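The lines below spell out each chain.
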Amino acid sequence: MGPHLSLPIVRRSRVKQKAQRVGSNVPTGFRHNGRMTTAPKSSHSRTGELSVRTERRTQLQDITAAVAKLVQDAGVLSGICYLYVPHTTAGIMINENADPDVAADIEAALARLVPQNSGYRHAEGNSDSHIKTALVGTSATIFISEGKLELGRWQGIFFCEFDGPRTRRLRVKIFPD
Amino acid sequence: MGPHLSLPIVRRSRVKQKAQRVGSNVPTGFRHNGRMTTAPKSSHSRTGELSVRTERRTQLQDITAAVAKLVQDAGVLSGICYLYVPHTTAGIMINENADPDVAADIEAALARLVPQNSGYRHAEGNSDSHIKTALVGTSATIFISEGKLELGRWQGIFFCEFDGPRTRRLRVKIFPD
Amino acid sequence: MGPHLSLPIVRRSRVKQKAQRVGSNVPTGFRHNGRMTTAPKSSHSRTGELSVRTERRTQLQDITAAVAKLVQDAGVLSGICYLYVPHTTAGIMINENADPDVAADIEAALARLVPQNSGYRHAEGNSDSHIKTALVGTSATIFISEGKLELGRWQGIFFCEFDGPRTRRLRVKIFPD
Numbered sequence: 001m002g003p004h005l006s007l008p009i010v011r012r013s014r015v016k017q018k019a020q021r022v023g024s025n026v027p028t029g030f031r032h033n034g035r036m037t038t039a040p041k042s043s044h045s046r047t048g049e050l051s052v053r054t055e056r057r058t059q060l061q062d063i064t065a066a067v068a069k070l071v072q073d074a075g076v077l078s079g080i081c082y083l084y085v086p087h088t089t090a091g092i093m094i095n096e097n098a099d100p101d102v103a104a105d106i107e108a109a110l111a112r113l114v115p116q117n118s119g120y121r122h123a124e125g126n127s128d129s130h131i132k133t134a135l136v137g138t139s140a141t142i143f144i145s146e147g148k149l150e151l152g153r154w155q156g157i158f159f160c161e162f163d164g165p166r167t168r169r170l171r172v173k174i175f176p177d
Numbered sequence: 178m179g180p181h182l183s184l185p186i187v188r189r190s191r192v193k194q195k196a197q198r199v200g201s202n203v204p205t206g207f208r209h210n211g212r213m214t215t216a217p218k219s220s221h222s223r224t225g226e227l228s229v230r231t232e233r234r235t236q237l238q239d240i241t242a243a244v245a246k247l248v249q250d251a252g253v254l255s256g257i258c259y260l261y262v263p264h265t266t267a268g269i270m271i272n273e274n275a276d277p278d279v280a281a282d283i284e285a286a287l288a289r290l291v292p293q294n295s296g297y298r299h300a301e302g303n304s305d306s307h308i309k310t311a312l313v314g315t316s317a318t319i320f321i322s323e324g325k326l327e328l329g330r331w332q333g334i335f336f337c338e339f340d341g342p343r344t345r346r347l348r349v350k351i352f353p354d
Numbered sequence: 355m356g357p358h359l360s361l362p363i364v365r366r367s368r369v370k371q372k373a374q375r376v377g378s379n380v381p382t383g384f385r386h387n388g389r390m391t392t393a394p395k396s397s398h399s400r401t402g403e404l405s406v407r408t409e410r411r412t413q414l415q416d417i418t419a420a421v422a423k424l425v426q427d428a429g430v431l432s433g434i435c436y437l438y439v440p441h442t443t444a445g446i447m448i449n450e451n452a453d454p455d456v457a458a459d460i461e462a463a464l465a466r467l468v469p470q471n472s473g474y475r476h477a478e479g480n481s482d483s484h485i486k487t488a489l490v491g492t493s494a495t496i497f498i499s500e501g502k503l504e505l506g507r508w509q510g511i512f513f514c515e516f517d518g519p520r521t522r523r524l525r526v527k528i529f530p531d
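Those protein sequence lines, which keep their order, are chains F, A and V. So the first sequence is numbered by our numbering: it starts at 1 and just counts up by one. So the second sequence is numbered by our numbering: it starts at 178 and just counts up by one. So the third sequence is numbered by our numbering: it starts at 355 and just counts up by one.
Mixed in with the good hints there might be a few duds.
To be verified - So these bits of chain V aren't anywhere near chain A, every CB distance computed over 10 Å:
#1 Glu403
#2 Arg407
#3 Arg411
#4 Asp427
#5 Gln470
#6 His476
#7 Thr521
Claimed, not checked - For each label pair, taking beta carbons as the anchor points, the in silico distance ranges come out as:
#8 A:Asp276 <-> V:Lys423: 40 to 50 Å
#9 F:Arg56 <-> A:Glu301: 39 to 49 Å
#10 A:Lys325 <-> F:Asp73: 24 to 34 Å
#11 A:Gly302 <-> V:Gln470: 26 to 36 Å
#12 F:Ala111 <-> V:Ala477: 16 to 26 Å
#13 V:Pro469 <-> A:Gly252: 44 to 54 Å
#14 F:Arg153 <-> V:Asp453: 31 to 41 Å
#15 A:Arg233 <-> F:Thr64: 38 to 48 Å
#16 A:Gly302 <-> F:Arg112: 22 to 32 Å
#17 F:Thr64 <-> V:Arg507: 33 to 43 Å
#18 F:Ala65 <-> V:Ala419: 31 to 41 Å
As the list claims (entries may be wrong) - So the derived list for chain V, only partly shown, Cβ under 7 Å to chain A, looks like this:
#19 Met447
#20 Ile448
#21 Asn449
#22 Glu450
#23 Val456
#24 Ala458
#25 Ile460
#26 Leu489
#27 Thr495
#28 Trp508
#29 Gln509
Because the hints were derived from the structure by calculation, they are not lab data. No experiment lies behind these values; they were computed from the predicted model shown. Even glycine gets a Cβ: it sits at the ideal position worked out from N, Cα and C.
Take the sequences, apply the hints, and build the full model.
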């Protein structure tokens with residue numbers, strides 16, 4: 001991940017579940033750091049955000065460790081982790097991160113399929129970035145088990161920069177089972 | 178969106194949560210309009226449907242406003258909005274909707290990558306439509322925050338018609354946090 | 355699906371909801387078969403797994419019936435079914451399964467877009483498999499309604515083998531509404 005990945009996680013502590021379920025009016029005890037993005041009324045999920053600093057125009061950046069830490073910090077034993085990229089020229093992908101050549105091959109294949117210049121209409125010169133984002137997608141869903149991201153043995157999570165370098169955001173929502 | 182997008186939303190009001198949690202048998206108070214698609218037993222999510230009228234064979238149609246209205250009407254402050262396309266020649270995509278040239282460039286790129294005629298086996302003449310759907314996907318996940326779709330600044334939601342024009346359906350499920 | 359698709363479903367029975375909601379300490383009654391993957395604390399979802407035996411290097415295998423049975427067995431009337439492929443050279447796709455030529459056309463189109471040999475760096479000879487997985491994706495989300503997968507009329511679920519034949523796994527999580 002390198003030094004450019006910071007984790008300004010915007011987390012909300014969980015309402016005591018049992019108390020809420022019996023309808024008592026125990027204080028809900030939300031903690032926040034001024035950047036809480038979910039309404040206090042919602043009580044079961046945690047919402048956070050990662051900041052991702054990319055270094056090249058096109059870059060599959062491995063953010064597995066950062067997302068894993070966020071999940072661990074959330075304290076959810078079993079559930080689902082949703083990742084959402086709020087950009088139109090960046091996406092998210094799950095693929096092999098053991099050999100960095102795999103990410104390089106995917107970057108090259110996308111460049112071959114979607115050339116940077118190809119008579120596009122959009123005047124900003126980044127139509128290829130939009131098209132690659134359309135192919136890769138802007139969200140991912142990963143299960144959580146035993147308090148950890150339940151990735152396959154060779155799977156890693158890649159933030160897909162297609163119009164960098166930039167500082168990007170990745171929104172994260174964690175739902176307990 | 179134009180006049181062709183209607184919103185026969187099939188919504189179900191939420192069961193009073195507190196009442197249900199203490200196990201009381203307060204009437205659940207479901208409202209429906211005869212097209213309710215979820216079982217009455219489920220009590221936390223809302224399920225709806227949009228009807229989308231497309232106008233061309235291939236068309237990325239901006240449906241952001243319609244989905245946003247549906248989310249607003251659902252009254253969920255924080256949660257997740259799932260979009261599902263129950264077709265095999267149409268998909269869903271999140272990308273820039275500020276400049277319509279972006280959608281045009283994506284349509285053109287997909288046409289270049291997947292030609293309409295290319296020695297396909299499937300006899301209906303719409304194999305390209307199926308293949309584009311496979312690349313783009315049939316579902317999307319968007320967070321809800323402060324009662325609104327939490328799209329990125331430049332993001333819009335596109336219904337991706339690949340074998341139109343037709344009247345299509347988009348299923349929507351909204352889960353509160 | 356054929357004889358090669360087995361269903362070692364790893365299911366957990368649901369905690370009695372009403373009992374839990376009033377905070378009683380009724381035994382939770384989890385059943386498992388030694389391969390339970392979710393923590394006992396989680397009480398609302400079911401988690402399972404399918405084993406999929408593929409027969410070719412590239413194969414879109416129709417697993418609709420197996421997933422449908424798993425959903426039916428779970429006894430969830432309304433909710434969401436998440437499918438997750440824990441591999442880096444296999445994905446999941448929803449498309450037409452009525453005419454097998456559609457799957458054949460999609461396989462052929464992917465082979466044309468992503469050739470097996472194309473000067474890749476990754477030394478294992480399966481870069482094309484990773485790239486196809488990146489395009490298709492490793493997860494799917496399908497609504498459940500009236501106890502059944504709410505697929506569109508022509509939709510089926512395909513396990514997408516891109517580096518077979520192998521025995522693969524598909525993780526399944528079912529969330530009630």
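When the least beta-carbon distance from Asn449 of chain V to chain A is tested against 7 Å, hint result: holds, 5 Å
Return holds or violated for the Cβ distance of Arg153 of chain F and Asp453 of chain V against the range 31 to 41 Å. Holds, since Arg153 of chain F and Asp453 of chain V (Cβ atoms, about 36 Å apart) stay within the stated range.
Reported absence of Arg411 of chain V from the contact zone with chain A (all CB gaps over 10 Å): holds, 18 Å
Taking the minimum C-beta separation from Asp427 of chain V to chain A, is that value above 10 Å? holds, 17 Å
Honestly, do Thr64 of chain F and Arg507 of chain V meet the 33 to 43 Å range at C-beta? holds, 39 Å
Does the hinted range 26 to 36 Å hold for Gly302 of chain A and Gln470 of chain V at CB? holds, 28 Å
Under 7 Å, Cβ to Cβ, is where Gln509 of chain V needs to be relative to chain A, so tell me if that hint holds or is violated. Check passed: Cβ of Gln509 of chain V comes within 6 Å of chain A, closer than 7 Å.
Note whether the CB distance of Lys325 of chain A and Asp73 of chain F lies within 24 to 34 Å or breaks it. Between Lys325 of chain A and Asp73 of chain F, where Cβ atoms are some 27 Å apart, the hint holds.
I want to verify a distance hint. Is the separation of the beta carbons of Pro469 of chain V and Gly252 of chain A within 44 to 54 Å? holds, 51 Å
Using the beta carbons of Ala111 of chain F and Ala477 of chain V, state whether their distance is inside 16 to 26 Å or not. holds, 20 Å
Does the claim that Thr521 of chain V lies outside the interface with chain A hold up, using a Cβ gap greater than 10 Å? holds, 24 Å
How about Leu489 of chain V: closest beta carbon in chain A under 7 Å, or not? Holds, about 6 Å.
Of the numbered hints given earlier, the model fails none.
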